[in-house]
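Per the numbering used here, residue 1 is the first one in the sequence shown, and the count goes up by one each step.
FYI, nobody ran anything at the bench for these hints, they're computed from the structure.
Some hints could be false.
Said to hold, decoys possible - Restricting the straight-line Cα-Cα distance to at most 20 angstroms, the calculated cross-link-like pairs of lysine to any residue (SDA-like) are: (1) Lys156 <-> Phe53; (2) Lys28 <-> Leu149; (3) Lys178 <-> Arg166; (4) Lys156 <-> Arg42; (5) Lys138 <-> Tyr168.
What the hints assert, rightly or not - Cβ-Cβ distance ranges computed for the label pairs, FRET-style: (6) Ile30 <-> Lys180: 44 to 50 angstroms; (7) Arg4 <-> Glu174: 20 to 26 angstroms; (8) Arg134 <-> Asp39: 31 to 37 angstroms.
Just so you know, even glycine gets a beta-carbon here, dropped at the ideal spot from N, CA and C.
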Amino acid sequence: MGERMRIVIVGSGGVGKSALTIRFLQNKFIQEYDPTIEDTYRKTMTIDKKSVFLDILDTAGQEEYTSMENTYYRSGDGFVCVYSITSTESYKKMKECFKNVLMSKDQKYFPIIIVGNKCDLKAKREITATQVARDFKKTEYQYIESSALEGTNVDKIFIELVRTCRKYSLLIKEQEKKEKSKKKSKKNCIIM
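With the sequences and hints as input, model every part of the structure.
Rendered as structure tokens:
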């Protein structure tokens, strides 16, 4: 069947996490805002000639559900950290989510795509791409601006995240091989 990946979408309420997910899955835009507690979606697709089954977890953004965040962070193979380009507060929350993912995974790097949603609302922009680049300049994380309303870069978010997850998986396998070979070489040492 191909590989399976659990993608977790995090960020504050009202930034368009559900709208991005529905746009990706059904190519339609949902107008009404209905706060999500937790929704799981599934999609099978082919990326770079390889089949992948995506389990997409659309998470709650409201503060009353933050206790659920640790469960989300532990369960994901890759993350989409979303904020609205029209909200400084949502950007702060996204950076907090980003840090929490890395802490829960106990990693300096993990497959994450940073998404500035609502790029169709340029006149209301509060966060610039330059600011995001400055805040994340020492990292290898991709930044994508999107619009669930217009469909701008929505597929790209998920495609790039799958590619990032695959690269990360290969990197981890290589590290594990190196560690095994180090252990084997230590076992064969004779101390006289």
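Results of checking the hints against the structure:
1. Lys156 <-> Phe53: 16 angstroms, holds
2. Lys28 <-> Leu149: 8 angstroms, holds
3. Lys178 <-> Arg166: Roughly 19 angstroms separates the two Cα atoms, so the pair holds.
4. Lys156 <-> Arg42: The given pair, whose Cα atoms are some 17 angstroms apart, holds under the 20 angstroms limit.
5. Lys138 <-> Tyr168: 18 angstroms, holds
6. Ile30 <-> Lys180: 44 to 50 angstroms: 48 angstroms, holds
7. Arg4 <-> Glu174: 20 to 26 angstroms: 21 angstroms Cβ-Cβ, so the 20 to 26 angstroms window holds.
8. Arg134 <-> Asp39: 31 to 37 angstroms: Hint holds: Cβ distance 33 angstroms, inside 31 to 37 angstroms.
Of the numbered hints listed earlier, not one is contradicted by the structure.
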